[in-house]
Every structure is written in C-alpha cells, then in structure tokens.
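Engineer: Chains as they are written, first to last, in the numbering used here: chain A, 1 to 201; chain B, 1001 to 1336.
Read the hints as simulated data drawn from the structure, not as lab findings.
Glycine included, every Cβ here is placed at the ideal spot set by N, Cα and C.
Be aware that a few hints might be false.
[Unchecked claim] Simulated crosslink set (BS3-like; lysine-lysine; CA at most 25 Å straight-line): (1) A:Lys81 with A:Lys10; (2) B:Lys1035 with A:Lys43; (3) B:Lys1175 with A:Lys176.
[As the list claims (entries may be wrong)] Derived coverage of chain A by chain B (criterion: at least 3 residues anywhere in the stretch with Cβ under 8 Å from a Cβ of chain B; other residues may be distant): (4) 11-25; (5) 37-46; (6) 129-143; (7) 161-173.
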Amino acid sequence: MSVYQNYLVKQEQLIKQLRDGHERAYELMFKTYYKELVVHANKYLSDIESAKEVVQDLFVTIYEKRFNLDISLSLKAYLYKSVQNKCINAIHSAKTREKYARYVKDNSHEPDAIVESELSVSELENALYNAIDGLPPKCRMIFKLNRFEGFSNGEIAEKLELSKRTVETQITKALKILRGKLLPYLAESIALAFIFVALTI
Amino acid sequence: MENTIYNDENVAKYFAGELDEHKLELMEKKLLNDKEKEKEISDFSRLWEKSAELATYEKIDADADWQSVRSRMGFGAKAGKISFARYFSRIAAILILAVGLAYLFSEIVDTTILPGRATNDYLQYSATEAAGEFTLPDNSKVALNKGSSLYYNSNYSTDNRDVILEGEGYFEVEKNKTLPFRVFVNNSTVEVLGTAFNIRPGVKEVTVSVLNGHVAFYETSKKENRIELLQNEQSKFDTKSRVFAPKSVLNQNALAWHTRRLIFRRDSLKNVFETLAVCYGKELETNNITSFDVKLFTSEYLNEPLEDILNDINAVYAGRYSFRITDDKLIVQQKN
Chain A
1 MSVYQNYLVK QEQLIKQLRD GHERAYELMF KTYYKELVVH ANKYLSDIES AKEVVQDLFV
61 TIYEKRFNLD ISLSLKAYLY KSVQNKCINA IHSAKTREKY ARYVKDNSHE PDAIVESELS
121 VSELENALYN AIDGLPPKCR MIFKLNRFEG FSNGEIAEKL ELSKRTVETQ ITKALKILRG
181 KLLPYLAESI ALAFIFVALT I
Chain B
1001 MENTIYNDEN VAKYFAGELD EHKLELMEKK LLNDKEKEKE ISDFSRLWEK SAELATYEKI
1061 DADADWQSVR SRMGFGAKAG KISFARYFSR IAAILILAVG LAYLFSEIVD TTILPGRATN
1121 DYLQYSATEA AGEFTLPDNS KVALNKGSSL YYNSNYSTDN RDVILEGEGY FEVEKNKTLP
1181 FRVFVNNSTV EVLGTAFNIR PGVKEVTVSV LNGHVAFYET SKKENRIELL QNEQSKFDTK
1241 SRVFAPKSVL NQNALAWHTR RLIFRRDSLK NVFETLAVCY GKELETNNIT SFDVKLFTSE
1301 YLNEPLEDIL NDINAVYAGR YSFRITDDKL IVQQKN
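Pulled out of the complex, with its shape left as it was, chain B reads as follows (with noise of 0.2 Å):
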C-alpha cells in the first residue's frame, strides 16, 4: 500500500488537503522512507504555493498598458504606425521651423545666407490670411502658420534644396541623398540628415525638435557650433548669444497648430493658454492677471474649435477667467 500511494492522483489530493486520513499517514511514511520523494514533495510545494501568489500577474495587461505608457512619451498613434512607417519610405523629413517676427526676410539674406544670390531671384509662398499648404518643385510639403512665409531660389531641386523660413512651417520633405534639404533661420541653419523634426517659435530664438529621425542644428557661419538631433529630442538656439540650449523632451504639442490635436498632461494653466494662442495663431494677452491658479489641467482635444476648449477649461476652474477672442489675440482675464 505504502508503494502505491505515490501516484498523480493522490499527490494532487494531498496539495488539495483531500486525502483521507489514512491515506495521508501512508504518504507521510512514504516520504520519511523516501528521500528523493520528499524532495520532490518539498519543490512542489514551493511551486504550490508561489503559484498562487501570481495570480496578481494575471490582473496585468502588459500589451494594453504598454499603448497607454508610449502615448504618454509621445510616440505617435499606433494605428497609424504601419502607414507612417511607409509614409516615411518616401519622404526624408518632417519638420517645423518657426522664427521670432521680428526679423525681416532682407535681414535674413543680407546676412549670411546663400551667397551671390539677390533677393529677387527668390520666389515667395505666404500665409498672410490663415494657414496654407504648399507644394515644392521636388515635391517637398510645405504647411506654413498664418502670417508666415517661405523663399526658395529659383535653382531649387537642380543645385540646391535651400529654403527661408519667416515664422513657422511644417514640412515633409523627399529624400534625395544628392541635395541636403536646408532651412535657413535668422542666423541658424537646419539641415535634415534623413529624418522628421519640428521647430518652434520664440521671440529671439529658433527651437528644433525632432519628431522622427536625425537632423544637424548649427549656427550658418560657424558650422562647427552644432548640435545633432534625434527622435523626440528638441533644443533651442539663442540668435543673440549664439549658445545652444542643451538637449530636452519634444513639446508634444509642437504641431498641434497643424494636426490640430492637443494632449495637456498637468499642464499649468499659463502652458495651457501659451500653447492655446500658438496653436490657434492669436497672440495671448493675460494683463489682469497676477497668478494663474495652482491647479494643473489635464485633457485631450481634436479639432476642436478654441471657444469649446476655453469653455471646458472654465468647467474645470469654477469660471474664474473670462475670455475674448479676436482675429489676432486671444484675451484671458480673472473674474474677481
């Protein structure tokens, strides 16, 4: 009896506490008699009882949380990845290139950029109304921001792929390994190293941020101060100072101007409004305002028109702002 006790069968009803009391003095001598028996007893009880403390491991969807997580660190939507991938085969860069209004586009080319070359033999797209898209010679995309504008020469796709931007623009550029794709910003020069990236306004300063990709930021006369760029990296060129700001994460609201999608993560309110006025081409006045309040906002918006957005952000904070929007400005005042 005691030999035939150690079976498949029972040894699952001893882990059950399912085995009579007779049977359970018979397995128990069996062990005491057997050592490798006992050993195996002994590992399966370990497994027994460990596997049971999994069970958490269960309640963790790795796949889904892994969506939710890459959203997060800007990585773009995975529905589209295949066709973004292949989007991608085709075209060498996307980039968004904006500068501080203040400069004018003769100070830009009497300055250091493509020389030998007057300022007529340019040709001219603008957005002066609203925001427009463009097409170049070699099939390159061009969205520019309302108010913005964009010059290229008249050799461009032959000896050169060399482009001026006044304001912002968003690009989708071709490959062509031959001609580098430049884009000349007050005393900056971007050259897509066959990648996507994005750059930002500031008042005095030029922002690229790479959305997919490699791009070489430099300064134009001195292409030895530089700074190299990868996906979701971005850095901002003082034009005054000349310095490079080190390297930091992509705003993912960066295009929001023109994919019209915005994604505020504990945002502070004065963000939210900054990057509001960006995106809807208005300059943002806040002058009865001494402090926002504390509060971060959190939400997502697609195409969605900017009153809806002010007024949600209103739900959130009790009606505490009033807002006035006119063709140009976006005015945020404090009730009291």
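Looking at chain A on its own, in the form it has when it is part of the complex (with noise of 0.2 Å):
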C-alpha cells in the first residue's frame, strides 16, 4: 500500500469515528488542526482572541452536526475551507465590514485557490514550528527569544548571563538545524524562485 493510499485508509478511518462521536478521535482532530487554523483564521481577523472562538466553534459545530459530516476531499482543507468560511461571515457581521470589505471581495472570486495555497504555507509553518520545538533547550530558548519575543542578541545575553557571542553561535546553529531538517519545504520555493528569475531575465 502506498504511503498515500494509507493516509487515505487512515483518513477515513479518522473521518469514520468522527461520525460515530469518539472522543479520541475529536481530540485527535483538534490537536492535530488547532494551532495551525487559529493562526490561518487570526489571518482574517487580525485579532488572536477571536480567531480561537472561531476554530473552537467549528471542532463544536462539527460534533454537532457529525451525523451529516460530508468530507469528500481531505480533513485538512476541509477544516481550512471551514474556518475560512466562518471568517468571513464573522468579518460581515463585524463592524469592521467595511475594512475588510474590499479584501473578501477581492478574494472571493476563488477560494478554493486560496485555501489551496495556504495549505501549503501552513505545511511549512507547521514544519517549522516542531522543528524550533524540537531544538536543543538551550539553543530554543535563546532562538525563541530572538524570533518570538523580539529581543537583541545583546538583550538575550544580558538575560541569560551569556556572552554576546554565545548567543550568536546558538542562533545561526539554530538556523543550521532548522535548515537541516526543513529542506524538502525550502527546496520547493528554491524552484519556483528559479522559475521567477527565468521569467525576468
């Protein structure tokens, strides 16, 4: 069986459960999802708080509604397609309408094109994010303090009663691991930067 075709079986078996209400497969679905629709939904609206009820309301709306659960393509864009869709009725009925007015009709002529390209942004998002959670605990630390909390190589030495330099060994060897483990997502864009290049030249 193909790595595909096994994702297949095991997504229907996923989806299956989901509509037989088991809790497992809910939290499943949730722990899987979560993280990376809050932050696909705080896209639309701009606000983390929001974006969360949002998300939260859909994993509640789709265990309500699990008897009639239509999932005809994959969990994951269906998920994706939902929170967009949810986004965009919160930004009608916001007062915020009319600065995002323009946005959702300028984007509303495809959204499935859009939900297909932030599919894979989000893969590398996602990738990336257990990755920085996989570093060394050191090296973690000092790389989400730069990258996350916004503070100087100096700041974190300071804080950290480290020297300067420390601080920069650990953060280009960050890189270095982070590169190492994410160059099937990086050498993706390498192409279509390549295909951009030929066409300007």
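Build the complex from these two chains, which are given one at a time in their own frames, with help from the hints.
Structural biologist: Dropping the structure here:
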C-alpha cells in the first residue's frame, strides 16, 4: 500500500470515528489542526482571541452535526475551507465590515485557490514550528527569545548571563538545524524562485 | 579575510543587522562567489522571517483549549476521567429511561412484554414523594425520578435481568455477559450491549440517549425495527407511529435531574424553562406567555435551588418574568 493510500485509509477511519462521536478522534483532530487553524483565522481577523473562538466553534459544530459530516476531499482542506468561511461570515457581521469588504471582494471569486495556497504555507509553518520545538533546550530558548519575543542578541546575552558571542553561535546553530530538517519544504521555494528568475530575464 | 568572514558569529550578526559596513561588503562578496553559501543564507533568511511569524503559535494553548471544547461537546469532566474509566470496568451501563406517565403499568405488562408472568410476580420500587435510589439483586443501581416506579420479577438475576420502567430512571448496570440487561418501556425495549445510556421522557415517545458505549433500542414485538446507539447519541421512538427519529446528539442536560448539574449554552428561554421543569420534577405552566424573549440564555449550575436559578434568569431578562413554585408546578408569567 502506498503512503498516500495508507493516508487515505487512515483519514477514512478517522472520519468514520468522528461520525461515531469518538472522543479520541475529536481530540486527535483538535490537537493536530487547532494551532494552525487559529493562525489561519488570525490572518483574516487580526485578533487572536476571535480566531480561537472561530476555530473552537467550528470543532463544536462538526461534533454537533457529525451525522451529516460530508468530507469528500481531505479533512485538512475541509477544516481550512470551513475556517475561512466562518471568518468571512464573522467579518461580514462585525463592525470591521468596511475595512475587510475590499479584501473579501478581491478574494471571493476563487476561495478554493486561497485554501490551496494556504495549505502549502501552513505545511511549512507547522513543520517549522515543530522543528523549533525540537531544538536543543538552550538553543531553542535563545532562538525563541529572538524570533518570538523580539529581543536582540545583546539583550538575550544579558538576560541569560551569556556572552553575546555564545548567543550568536546558538542562533546560527538553530538556523543550521532547522534548515537540515526543513530542506524538502525549502527546495520547493527554490524551484519557484528559479522560475521567477527565468521569467524576469 | 573573505574566507574567514562566513562564520557562525557573523551569520547571526548579518541577520541581526549588526555587521559593520566593511564586513557586510565582505560577506556579500563571499556570497556572490560561493553558490553553496549563498543558498544556505537564502534558506536561513526564509526560516528567519517565517519563524518571526510563528510567534502567534506560542500564544495558543491547544491542551487548555481542548478541555473547554471537549466539555462543550458534552464529554465528561476530565478530573473524574480515571475513576470514571475504572467505574465502567465494573459497570456495564448507565441509563435513564422514561415514558409518558399516561401509560399504566397493567397496560405495559398486558401488551407485549414478559409473556407468561402475572402482574403479581413482580416486585416494585416506587419513588412517589421524591427521587430515590435503590439497588437491584445483582447490585445494579437505580435512581428513580419523583413519581416513577420500577418493576422486576422474582427470577431477576437468575434467569433474566428484565425490568419494566414507569416514569424516569437512572441505571448503573452491573456487567453480565450471559444475562443481558433489558428495560421494557411502552412497546419498545432497550438492551445493554456493554455501555452507558440515558432515556428521557416525552408524552408518547421514548427517548434513549447513550452516555457511553453501545445500546440497542428496538420495538419489543419487532426486533428488526431497531436502532443501535453509541456514545453521546440519542434517538426517539414514537410509540404510536412506531418510527425511530434519526440519531442526534444527546441533550447535555438529560442527566440533570439526577446530577443536579445544568448547562445552558445559547439556549432559548422556552427550552431553559422546560429543562428546569424536568430537572426539578415540576410541570411547566406558561399560560399567559404568547412569545418568549428572543435573547438566548447561557449559564451553568451545580446543585442550585430552583429559586436561585429563576432569580438569575430574571436578572438577565430585566425582571420581565414572575415565577411561582408549587409542589408539582413551575408557573412562569410575563409581567406587563
């Protein structure tokens, strides 16, 4: 059985369990997709709390309507599309309507295309997030302080009572480890960059 | 100099924008001449920018948020989970059964169930004044709601585990693979297949809601007219038309009369009053109300007196309703 067939069988099993209302299946779906869906929703709503609410509501709705659950493509694409629709609805009903009206109008002609491109972006984001989490502890702490909290290398050195040089070495070490783990995702973008260069010549 | 410029320290400085002009120039020269390093820096740069966007991920606590979502889905409380699982290793099923009180016991016995046994062959538990709890001969436990009765025959737990319920009951059924636990309700039967479930009253319908596991729900005289229910599913059997309603999600307040735990999530006010009436064993009277407030109600209660909940509701609805509680009625009136 190919990896893809195996994936389809597993997904089919999961969807069946979702229809049957198994708590474990809902927990698995939630823990797998929750964070990236909130990040996705946040891109529309620019408010992390509203984004969480939209995604949580979606999971509860799926549970409540599980007898009519109709997932013909991938579960992930289904979740992304549902979050996107919910966000657009939320924007429509919110006071921020005007601000977003143009965005929705510009993108509403091809919602599937947005979902497709968002899916590949999220693959990289998710893989990167997991890879950062898998960095050696000290390296991870320094990298996170820089990238997530916005501290400069000098500030981090002071905070952790290290030399600035150590911080810099750890930052580059983190980048090397992350690159090693994410090469398959990065190769894709290189190919795109190559095409872009070829067209501009 | 060009060869030594590309080291860990300077790469970090390059991304921090801390390389001085001279070193920056050397670095760029190096990258122009070394395709491999140039590719490495280009990958680093993508990771560098992308990772800053991931700060949002850090603000999301999936474990904590899952706890609130699973409780909204109606899965049981996490704190009790382990003991709950242990509990179920001993007990095959928890169920609540209820039928419209219009059906008399004699009618039930005379129709289809337990052929060959006379009415006087039955033992009876009744909860006439208030809800009460009893233990059956096989140690299965039963809680009966006010005004409900349970009947079982003298051979219970030797050659059968059949019971007849009138009213509403909550059951914790002991495991026994050789003797299925069956509950006869009107012209329908609920059979435990190794699970936990719950049944709520309708005037002429029987509603079965499964709390945990697997239950078969069928017409007593026609076993093939059946429906099988799993965790958190419920279905209704119309005793007149003999039709099962499609499966739906179990009402999270189905157990409230026993657990005294009520959860309202954007429920209509009409639904709230109906639930309170069932939970507190009252008949609901809303005669002078033509239409309920459209505003939805959300709240949770554990073991609260009915009066306190009604006061709470009135606070939300700006005192638009007045209430009267008698022994068997909850009377709701709209103020002009």
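Engineer: Next step is simple, just say for each hint if it's right about the structure.
Structural biologist: Checked hints:
1. Distance hint between Lys81 of chain A and Lys10 of chain A is fulfilled; the C-alpha atoms sit about 21 Å from each other, no more than 25 Å.
2. A hinted pair counts as satisfied when its Cα atoms are at most 25 Å apart, and Lys1035 of chain B with Lys43 of chain A does not qualify at roughly 35 Å.
3. Proposed proximity of Lys1175 of chain B and Lys176 of chain A is contradicted: the alpha carbons are some 58 Å apart, above 25 Å.
4. Chain B is given as covering the stretch 11-25 of chain A, and this holds because 4 residues of the stretch bring a CB closer than 8 Å to a CB of that chain, at least three being needed.
5. With a cut-off of 8 Å between beta carbons, the stretch 37-46 of chain A has 3 residues touching chain B; three or more are needed, and the interface restraint holds.
6. By the rule of at least three residues with a Cβ nearer than 8 Å to a Cβ of chain B, the coverage given for the stretch 129-143 of chain A holds, with 3 such residues.
7. Counting residues of the stretch 161-173 of chain A whose CB lies closer than 8 Å to any CB of chain B gives 7, which reaches the minimum of 3, so the coverage claim holds.
Consistency with the previously given hints fails for numbers 2 and 3, ordered from lowest to highest.
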